[in-house]
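Engineer: Sequence:
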Amino acid sequence: MAGISLSSALPRPSFSKETSQAAGVTAMPTFQFYKAGAKISELKGANKQGLEQLVKQYQGPADESTAGISGLAGHSDLTEFITMNQLECLNQKNEGAVRNAFKSDGTVLESDVDEQLIIVIPFNQAVKLHSMKIVPAGENAPRTIKTFINRPQTLSFDEADSVEPVETIEISAKDYESNGIIPLRFVKYQSVHSLTIFVEDNLSGSDETALKQIILYGTPVETTKMSDLKKVGHDHGSDPK
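Just so you know, we're using the numbering used here here: the sequence shown kicks off at 100 and counts up by one.
Derived from the structure by calculation, the hints contain no laboratory data.
The beta carbon of each residue, even a glycine, is placed where N, CA and C say it ideally should be.
Any given hint could turn out to be false.
Claimed, not checked - Derived pair list, reagent style DSBU-like, types lysine-lysine, alpha-carbon separation capped at 35 Å:
| hint | residue 1 | residue 2 |
| --- | --- | --- |
| 1 | K232 | K245 |
| 2 | K245 | K287 |
| 3 | K227 | K192 |
| 4 | K245 | K192 |
| 5 | K232 | K143 |
As the list claims (entries may be wrong) - So the derived label-pair ranges between C-beta atoms look like this:
| hint | residue 1 | residue 2 | range |
| --- | --- | --- | --- |
| 6 | S277 | D306 | 45 to 55 Å |
| 7 | S140 | S261 | 41 to 51 Å |
| 8 | S261 | K143 | 53 to 63 Å |
| 9 | S305 | I139 | 22 to 32 Å |
| 10 | D176 | K143 | 39 to 49 Å |
| 11 | T129 | Q289 | 21 to 31 Å |
| 12 | A145 | N249 | 31 to 41 Å |
| 13 | S261 | Q152 | 52 to 62 Å |
| 14 | T243 | G123 | 43 to 53 Å |
| 15 | N146 | K273 | 46 to 56 Å |
| 16 | D176 | R250 | 16 to 26 Å |
| 17 | P251 | K147 | 43 to 53 Å |
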């Protein structure tokens, strides 16, 4: 396979070296294709044309969520990696409304007793975060937000004011125009299992914050989840050569 650089020629797929025994590999080289943690195809042997064909087949069409957006090359919408049933939101007006923020159906997430929100977003595997987009719901869109990653417990409002955030981001009305992509300091988000967003205030200065959608862009750290791989015991034969 010398001279082949598929990861650069076809940037959408990810290439990862996993433990051959855990993956059930019996020949080298073996190329396994995974989607959402499930193996969808496998190719054994140094077959350049066959590998290129499979890569093209499974890379799929261009990600519509990033089409035409500059600065997102190699990154995509990470919504599919969010564990939706573990989303949390403090001070949401309606219980469970936090899920509205990860849909594109026009439903709204609103704050309750004041303008502040704490949104906890867990991922089903580690991801690298590159940027985010907040779709506003009128003039009450978030203005100042703070980010925190991999918190062992849900952040309280007192902690949000006292704990050092990963970033503090000021969003203007102009930032919401057009695609409104908010860049993150990528180097600080290289292995994110959960993201906490503290919405401190909003553009209008009112007591109610409202937003339609949050879209997170980046890449999964691995293309496979080790818990989903076939477990091969040491008594199943010799290691592949």
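Engineer: Run every hint past the structure and note whether it holds.
Structural biologist: For each hint, the structure was consulted:
1. K232 / K245: holds, 14 Å
2. K245 / K287: Holds - the C-alpha atoms of K287 and K245 are around 13 Å apart, at most 35 Å.
3. K227 / K192: holds, 30 Å
4. K245 / K192: holds, 20 Å
5. K232 / K143: violated, 40 Å
6. S277 / D306: 45 to 55 Å: With Cβ atoms ~28 Å apart, the hint is violated.
7. S140 / S261: 41 to 51 Å: With Cβ atoms ~50 Å apart, the hint holds.
8. S261 / K143: 53 to 63 Å: holds, 55 Å
9. S305 / I139: 22 to 32 Å: This hint is violated: roughly 48 Å between Cβ atoms.
10. D176 / K143: 39 to 49 Å: Distance hint for D176, K143 is violated at roughly 32 Å.
11. T129 / Q289: 21 to 31 Å: holds, 28 Å
12. A145 / N249: 31 to 41 Å: holds, 39 Å
13. S261 / Q152: 52 to 62 Å: holds, 55 Å
14. T243 / G123: 43 to 53 Å: holds, 49 Å
15. N146 / K273: 46 to 56 Å: holds, 51 Å
16. D176 / R250: 16 to 26 Å: holds, 23 Å
17. P251 / K147: 43 to 53 Å: holds, 46 Å
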